[in-house]
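Kindly produce the complete structure, drawing on both the sequences and the hints.
Chains R and E are the protein sequences, given in the same order.
Residue numbering for the first sequence follows the numbering used here, beginning at 150 and increasing consecutively.
Residue numbering for the second sequence follows the numbering used here, beginning at 0 and increasing consecutively.
Don't take each hint at face value.
[Stated by the list, open to error] Straight-line alpha carbon distances no greater than 25 Å define the calculated SDA-like cross-link-like pairs of lysine to any residue that follow:
1. Lys149/E with Lys192/E
2. Lys102/E with Pro89/E
3. Lys435/R with Asp44/E
4. Lys28/E with Val440/R
5. Lys382/R with Asp44/E
6. Lys444/R with Lys73/E
7. Lys435/R with Ile83/E
8. Lys444/R with Ile83/E
9. Lys28/E with Tyr395/R
10. Lys444/R with Asp84/E
11. Lys28/E with Gly487/R
12. Lys435/R with Ile41/E
13. Lys435/R with Pro43/E
[Stated by the list, open to error] Each pair of labels, with its calculated beta carbon distance range:
14. Asn218/E with Lys240/R: 53 to 61 Å
15. Asp365/R with Lys28/E: 32 to 40 Å
16. Asn437/R with Pro89/E: 33 to 41 Å
17. Lys28/E with Asn233/R: 50 to 58 Å
Hint data in this document are derived by calculation from the structure and do not stem from the laboratory.
Every value quoted in this text rests on a predicted model; they were computed, and no experiment measured them.
Where is the CB? At the ideal position from N, CA and C, for every residue including glycine.
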Amino acid sequence: MKIKINRYLKKILVLFFLLIPNNLNADFFEDITNQIVDNPKRLSYGVSVTDVNQDGNFDFVVTGFGYPNLALSYKDGKLINIVNQKKFTDKFRRTIGVAACDIDKDGYEEIYFLNTDTYSGTKKYSDRLIDLEKDEYVDLFEIEKNQRDLNLTAGRSVVCVDRKGDGNYGVYVANYGGPTRFYEYTDDIILDKSVQLNLAKITGGRAVVAGHIISDKVDVFAANERGANFLYKNDDGKFLDVANEYRVQDILQNGRGTALTDIYYRGRLDILNGNWGGFHRAYALKDNIFVDIAKPPFDEPSRIRTVISADLDNDGYDEVFLNNIGEPNKLFRILENGLIKQIPLDIGLEPDGYGTGAAVADIDNDGVLELLVSHGESIDQPLSMFKAKVNPKSNFLRIKPLNKYGAPARGATVTLISNLRKHSKTIDSGSGYLCQMEPVAHYGIRKKENNIKIEIKWTNGKTKIVSVKKLNQTITLKQK
Amino acid sequence: MNFSKSFLKFLIIFILTLFFFNTSNSVEKNYYKDLITDWSRIFPDSNRNAAGPKFFKYIIDKDIDYEDFIEYNKLYCAVSGSLIDPNSDPDFLFISERGTKNKICGNYYKCCIPCSCDIMKYSEVERMKYKFKDGFKEFFVFTIKNPCTKKDFPDRVNKGYFCDGDKINNEQVYELDGRIVIGLFHDGKMCAKDEIDFVKSHQITGRFCELRNNTPIENLNAGMGDIFIKLAR
Numbered sequence: 150m151k152i153k154i155n156r157y158l159k160k161i162l163v164l165f166f167l168l169i170p171n172n173l174n175a176d177f178f179e180d181i182t183n184q185i186v187d188n189p190k191r192l193s194y195g196v197s198v199t200d201v202n203q204d205g206n207f208d209f210v211v212t213g214f215g216y217p218n219l220a221l222s223y224k225d226g227k228l229i230n231i232v233n234q235k236k237f238t239d240k241f242r243r244t245i246g247v248a249a250c251d252i253d254k255d256g257y258e259e260i261y262f263l264n265t266d267t268y269s270g271t272k273k274y275s276d277r278l279i280d281l282e283k284d285e286y287v288d289l290f291e292i293e294k295n296q297r298d299l300n301l302t303a304g305r306s307v308v309c310v311d312r313k314g315d316g317n318y319g320v321y322v323a324n325y326g327g328p329t330r331f332y333e334y335t336d337d338i339i340l341d342k343s344v345q346l347n348l349a350k351i352t353g354g355r356a357v358v359a360g361h362i363i364s365d366k367v368d369v370f371a372a373n374e375r376g377a378n379f380l381y382k383n384d385d386g387k388f389l390d391v392a393n394e395y396r397v398q399d400i401l402q403n404g405r406g407t408a409l410t411d412i413y414y415r416g417r418l419d420i421l422n423g424n425w426g427g428f429h430r431a432y433a434l435k436d437n438i439f440v441d442i443a444k445p446p447f448d449e450p451s452r453i454r455t456v457i458s459a460d461l462d463n464d465g466y467d468e469v470f471l472n473n474i475g476e477p478n479k480l481f482r483i484l485e486n487g488l489i490k491q492i493p494l495d496i497g498l499e500p501d502g503y504g505t506g507a508a509v510a511d512i513d514n515d516g517v518l519e520l521l522v523s524h525g526e527s528i529d530q531p532l533s534m535f536k537a538k539v540n541p542k543s544n545f546l547r548i549k550p551l552n553k554y555g556a557p558a559r560g561a562t563v564t565l566i567s568n569l570r571k572h573s574k575t576i577d578s579g580s581g582y583l584c585q586m587e588p589v590a591h592y593g594i595r596k597k598e599n600n601i602k603i604e605i606k607w608t609n610g611k612t613k614i615v616s617v618k619k620l621n622q623t624i625t626l627k628q629k
Numbered sequence: 000m001n002f003s004k005s006f007l008k009f010l011i012i013f014i015l016t017l018f019f020f021n022t023s024n025s026v027e028k029n030y031y032k033d034l035i036t037d038w039s040r041i042f043p044d045s046n047r048n049a050a051g052p053k054f055f056k057y058i059i060d061k062d063i064d065y066e067d068f069i070e071y072n073k074l075y076c077a078v079s080g081s082l083i084d085p086n087s088d089p090d091f092l093f094i095s096e097r098g099t100k101n102k103i104c105g106n107y108y109k110c111c112i113p114c115s116c117d118i119m120k121y122s123e124v125e126r127m128k129y130k131f132k133d134g135f136k137e138f139f140v141f142t143i144k145n146p147c148t149k150k151d152f153p154d155r156v157n158k159g160y161f162c163d164g165d166k167i168n169n170e171q172v173y174e175l176d177g178r179i180v181i182g183l184f185h186d187g188k189m190c191a192k193d194e195i196d197f198v199k200s201h202q203i204t205g206r207f208c209e210l211r212n213n214t215p216i217e218n219l220n221a222g223m224g225d226i227f228i229k230l231a232r
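Next up, the structure:
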């Protein structure tokens, strides 16, 4: 009899170990917040990744709302703020949105800081466009000739757009309660061209992304609040709103964080969009219509802010990080056939976190992405930083496209082609919510993956294929 | 010993049930999300004033079974065209059946209280048969008379949604016996006497509706319902 009972107990144990591990996964992340030197409580918002001091390495730029903007650079295992100049730190202007791109075609990125001292409508202080000139950070909007079209409307996110595909970046400014702006350097003057480009619509602008969404040039998707979303198709450098035709207006929902990702690993960019207290969307293009394929638990309403899609653990599948404010964060993995599966979180869950922004970058150049999360709005909290626990045998490949001026080719699309997938990633122009990721396509390599090639589609739509002979490196592609 | 055996069997079945329950939850239908997602398709000009008929047409044109049809029709207000929160409670009321004048009792999902009064006064119900994926079903629907010949067609309603000239626009709304179907009357059946008494004595469908339905139209000030009245009277 004892033997029989033991047999049953064994069976139960086997079942237990088969079924339960789904809920007892080891932590996905490790907390590396301690790498941030001098990390006080503060009100932070958007985060961008750019080479702030032009030393060839990317840095995190973290905005401050009544607190200084930071430039966190990686040195000797630590993240240290490297800029204290007032034009940059700008404690009093209340910065929330940030994006960097090479506006003046000198090969280095300028930083657009969107300031907001009011919720909606007219604001007191304009935005800043920071350029590094001989070790000094200057605001290009303070130069008299550039002051004709200052942005004095409350706004949220900004995104860089190389609308003609010639390396001449403009900045789309998603304003709130006033017209959208589009700043571009023309004849040595910064002008707002939103009216000429059909972009000067008034809405509750929230999040914005740009890239090869529906055309071979750079298109723009803007997720709005209290109004329809915009999907601007690039029409020879001007824009045409086709949100209705492509069914992404989502008029009853309030947009927040958005990102471009290749949901089906089929070599094209689709749209993830988090709606505030509403259904989160995974828009996949099918027959010229974006179909929302999101299902629970991914689509479940939350207090969403930033949305990030990136391969955090180098397994060859992209994760989606949903950063919530005053509510636990969520993490998902995009598997084959559009299946978006939740990954349990403990570290990185931040149940009491007031997330306001986040960005990814391989800031320490070890081939694994770091995730920096900012907090604030109504509660001052320090920054936090996480890194996935990666299989030591995993491989990666990083593609860093530079345009003909030598600047990051934001808005270009990189596609990894192999025996297992055709996986596109955008070189981030601005995404999440108020944020911008590193201008690198980061790929983990799947098991049994071979015959790897890389296709680059530049912002002018031209493509080139490069074969890959060695993994675990960053390949820099230069546009000719 | 038998007890131990039974207990162990129970435990195994319990664990397996838990496991499969957890994995099957994720495929549940979300009717509300569908309507939110397709709202711009249903109302391309964003005007949903009194446009319950647009929802009804959109839903019945879907390739769905009867249960889906029922669930979708709980999520909009036939009077105002407004979406209704999932799991909202309906009002139990009666409506006169077209032709027979019988009182038909059933459940009406409304966005706000005055709509219950308006639908009782300005609509009639009719039996409708329709073939769904799972076969023919019969049910009651709310209908209003053809408003397209009205000289005072309410300007806050998109006439193109309802009318093709003086005729009902069958591409946009569902026509039944020359009338426009504005929504589904849930659980409709001939009223029993105690049900009529219940409706008449209810604080909303009784006293409040008596007050509202005896107020001259020019004195009404209850928003969306007033627009519907101008359309349906």
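Hint check results:
1. Lys149/E with Lys192/E: Violated, because 37 Å separates the two Cα atoms, which is more than 25 Å.
2. Lys102/E with Pro89/E: 18 Å, holds
3. Lys435/R with Asp44/E: 24 Å, holds
4. Lys28/E with Val440/R: The hint holds at about 16 Å.
5. Lys382/R with Asp44/E: The given pair, whose Cα atoms are some 21 Å apart, holds under the 25 Å limit.
6. Lys444/R with Lys73/E: 21 Å, holds
7. Lys435/R with Ile83/E: 30 Å, violated
8. Lys444/R with Ile83/E: Holds, because 21 Å separates the two Cα atoms, which is no more than 25 Å.
9. Lys28/E with Tyr395/R: Holds. Lys28/E to Tyr395/R sits at ~23 Å (cutoff 25 Å).
10. Lys444/R with Asp84/E: 19 Å, holds
11. Lys28/E with Gly487/R: Holds, at about 17 Å.
12. Lys435/R with Ile41/E: Holds, at roughly 20 Å.
13. Lys435/R with Pro43/E: 20 Å, holds
14. Asn218/E with Lys240/R: 53 to 61 Å: 58 Å, holds
15. Asp365/R with Lys28/E: 32 to 40 Å: For Lys28/E against Asp365/R, whose Cβ atoms are near 38 Å apart, the range 32 to 40 Å holds.
16. Asn437/R with Pro89/E: 33 to 41 Å: 39 Å, holds
17. Lys28/E with Asn233/R: 50 to 58 Å: The hint (50 to 58 Å, Cβ to Cβ) holds, given that Lys28/E and Asn233/R are roughly 56 Å apart.
Of the numbered hints stated above, those contradicted by the structure are hints 1, 7, listed in ascending order.
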